[in-house]
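J.: Below are the chains, spelled out letter by letter.
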Amino acid sequence: MKMTKTALCTSALICLAGAAAAQDTTLTYMLWSTEQAEIEQAAIADFEAANPGVTVEVQAMPPSDYWPRVSALAASGDLPDVMAMSSGFVQEWAAAGNLMDLAPLIGDASLEGYFESAVEIGEIDGAQVAFPQNWVAPVLFYNRTAFDAAGLDYPDADWTWEEFRTAAEALTIDADDDGTPEQYGFWVYGRYAQTDPWVFRNGGRYVTEDGAALEINQEAVNALAFLASIVDDGFAPRPLEMEGIRQQDIFGMGMAAMWVDGSWNIDNNRALIGDSFEWGIAQVPMGPDATAETAVAYAWADMLAVTTDSEQTDLAWALVQHLTGPTLSAADYTGGKVPAWTATAMTEEWLGRGQQPDNMDLILEIGTQPLYTGFTPNWSAWRGYAAAGSGGLNGELDEVFNGRKSLDDALDAATAYGNDILSR
Amino acid sequence: MTEIALTRVPDPRGRVPVSDTEPAVPPRRSRWKTWAPALLFLLPAIVGLLVFRLIPIGWAFALSFTSWRIFDDVAWVGLDNYAHILTSPVSREVLGNTLWFTAMYVPGVMIVSVTLAVLLNNALRSSAFFRGAFFLPYITATVAVTLAWRWIFSTRFGLLNHLLGQVDIDRIAWLADPAWALPAVAIVSVWKDAGFYMILLIAGLQTINPGLYEAARVDGAGAFRRFYAITLPLLSRSLFFVLILALVRSTQTFEITYALTNGGPNRASTTLAFYIYQNAFVHFEMGYASALAYVLCFVIGLITLLNFHLRRRWVHE
Numbered sequence: 005m006k007m008t009k010t011a012l013c014t015s016a017l018i019c020l021a022g023a024a025a026a027q028d029t030t031l032t033y034m035l036w037s038t039e040q041a042e043i044e045q046a047a048i049a050d051f052e053a054a055n056p057g058v059t060v061e062v063q064a065m066p067p068s069d070y071w072p073r074v075s076a077l078a079a080s081g082d083l084p085d086v087m088a089m090s091s092g093f094v095q096e097w098a099a100a101g102n103l104m105d106l107a108p109l110i111g112d113a114s115l116e117g118y119f120e121s122a123v124e125i126g127e128i129d130g131a132q133v134a135f136p137q138n139w140v141a142p143v144l145f146y147n148r149t150a151f152d153a154a155g156l157d158y159p160d161a162d163w164t165w166e167e168f169r170t171a172a173e174a175l176t177i178d179a180d181d182d183g184t185p186e187q188y189g190f191w192v193y194g195r196y197a198q199t200d201p202w203v204f205r206n207g208g209r210y211v212t213e214d215g216a217a218l219e220i221n222q223e224a225v226n227a228l229a230f231l232a233s234i235v236d237d238g239f240a241p242r243p244l245e246m247e248g249i250r251q252q253d254i255f256g257m258g259m260a261a262m263w264v265d266g267s268w269n270i271d272n273n274r275a276l277i278g279d280s281f282e283w284g285i286a287q288v289p290m291g292p293d294a295t296a297e298t299a300v301a302y303a304w305a306d307m308l309a310v311t312t313d314s315e316q317t318d319l320a321w322a323l324v325q326h327l328t329g330p331t332l333s334a335a336d337y338t339g340g341k342v343p344a345w346t347a348t349a350m351t352e353e354w355l356g357r358g359q360q361p362d363n364m365d366l367i368l369e370i371g372t373q374p375l376y377t378g379f380t381p382n383w384s385a386w387r388g389y390a391a392a393g394s395g396g397l398n399g400e401l402d403e404v405f406n407g408r409k410s411l412d413d414a415l416d417a418a419t420a421y422g423n424d425i426l427s428r
Numbered sequence: 112m113t114e115i116a117l118t119r120v121p122d123p124r125g126r127v128p129v130s131d132t133e134p135a136v137p138p139r140r141s142r143w144k145t146w147a148p149a150l151l152f153l154l155p156a157i158v159g160l161l162v163f164r165l166i167p168i169g170w171a172f173a174l175s176f177t178s179w180r181i182f183d184d185v186a187w188v189g190l191d192n193y194a195h196i197l198t199s200p201v202s203r204e205v206l207g208n209t210l211w212f213t214a215m216y217v218p219g220v221m222i223v224s225v226t227l228a229v230l231l232n233n234a235l236r237s238s239a240f241f242r243g244a245f246f247l248p249y250i251t252a253t254v255a256v257t258l259a260w261r262w263i264f265s266t267r268f269g270l271l272n273h274l275l276g277q278v279d280i281d282r283i284a285w286l287a288d289p290a291w292a293l294p295a296v297a298i299v300s301v302w303k304d305a306g307f308y309m310i311l312l313i314a315g316l317q318t319i320n321p322g323l324y325e326a327a328r329v330d331g332a333g334a335f336r337r338f339y340a341i342t343l344p345l346l347s348r349s350l351f352f353v354l355i356l357a358l359v360r361s362t363q364t365f366e367i368t369y370a371l372t373n374g375g376p377n378r379a380s381t382t383l384a385f386y387i388y389q390n391a392f393v394h395f396e397m398g399y400a401s402a403l404a405y406v407l408c409f410v411i412g413l414i415t416l417l418n419f420h421l422r423r424r425w426v427h428e
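Chains as they are written, first to last, in this note's numbering: chain A, 5 to 428; chain B, 112 to 428.
It should be emphasised that the hints constitute simulated quantities derived from the structure, not laboratory data.
One thing to keep in mind: the hints can contain errors.
[Claimed, not checked] Just some of the chain B residues that point at chain A, by a computed CB distance under 8 Å: (1) 201; (2) 241; (3) 373; (4) 419; (5) 428.
Cβ coordinates follow ideal geometry from the N, Cα and C atoms, glycine included.
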């Protein structure tokens, strides 16, 4: 959806909402993070002050409680007015008719203050069913100190996969020659945020265009085979070797010199690495099979949605705009989570000047590219995510990276399992 | 001899008791008066039982014949869910994992708990410290202790592999190798639960007449012989009780799996209870999860029936 007109300022929205709130009204708002609820406390107080008679009742809980809870509320027709929505679930929630199409509420208002590609993530089958608050993208984290020591150039936009392999080999160091490198060139396991950026940057797809079935294309197979070869060649550890270590700490502990994962890991890196080494971020290199049409950046968004159970949709939409626009400051977005409101993302504060990495602008550049989430209904089941993270494609890829299964067998098993789920 | 005058209690239905030995039927009103307070006191429990147990159990049975993603419409699918469970390779793998876990956990926890109980009942009889120490894992928060076990099992930096390395045994990827993940869950489960069963068995041991041991000792029976000829037979009722509890618990293992392996690697440690959780509260396939729950119920029922059938052969009444 192309949205190019001028942005409505927040104060005008709040006034409009104020008019809607002629009498005492309670808006209910549920989200999956108690930390985020604390961050938003002041913004919600502002909203209530600007809308006399309106009270926003906030319920926050961990994700493991959130989804069963809102699902039960959906079943009983008691969804809150506004709810947090994940890219991973938005399709099935929209398909079930639980999310209101915001387009009529948006009307002629311009959304150009937002990252257009992030807004598009909330658009399902032509309906704007959710609105982004922040978005994240996987990036290639690299250890500059290790690159300097190996005499390598830093990754740039023109890096090829072969250059990546050469760097991974050079960065794998077994100084005591005991067969276990103290520093590997790379770290990868079957998690979506680690493998799928390579797949999508190679023009690969797991599912058919309508998302109804798993059909892993050759570009995806080639990308996964490339990653498996990096592990088989000993430039990345087998995942079973790293069991017991928090996977997001492996790069920060200096055990791997490169790592691809979501940009939200920037905060953890900053805390763990401190000044012990220099590090930066780069975009995942474009694959050899990709074309201008098929190569996409992988990204997903945390969004807010107005539910179809809401009886005060104008006010609910005003709250969504209030919490996704300029009200929250850059400090309210933990490192690597990009505010959907462009101006906030471009502040020096969010760009983290004076901190590592010194090239946060790169994430903003990714946001200007065509984005692809790869999510389908039941994604968490077939991909293997959260409490189902040991199964699905995730579990099968770990078998490949652990050297226990061929890639073909693993993909056959994952496809059969995924299609069984999608057909149910 | 004093004569006792018996008074016949009139039956409100007009029937007079024909003999003094026939119990008089209390009038209806007085019977209600007897039951009403009891019912009132029982009412909260009955309502709770109905609302939170019996109605959901019945409802889940009905749901097991439907396809219901929690916020979609309910669709009747007959026996499709059960047919899928029987034919799906994933379900069969999960059922196999459940049986394999039971085969490791039940003998393991019984051997450890009997050993601890006998030790505490004899050699360490007066030691409240050891009794408390062995019981402690049972009352400790599962997630907290499981995090400690994750470190113990860590492939590269784990205590267990460090100790194995001292005797030249290669590192084992306890939690990442499909062959070892389920045994690792069983080890932690046995460690955690053995203290509870130990307490039950100590209670059983303390009912055994010490005179029997004295007599056996006088007859020249050694410790081993006394254990097999006296302790085991006379402890068999407690052992039977522990066996039933352990069998049921083995099919319901969840928390340790969730925190230790998340059912991995590649579902190698996913057992039925964890699979039900995944289907119900991760994928929200309530109909399918309900069918799985009834399969679990059937498995537990079958094992329990089998046990009661075999009981006569080894339980000393």
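J.: Can you name, in rising order, the numbers of the hints this structure does not satisfy?
T.: 2, 4, 5
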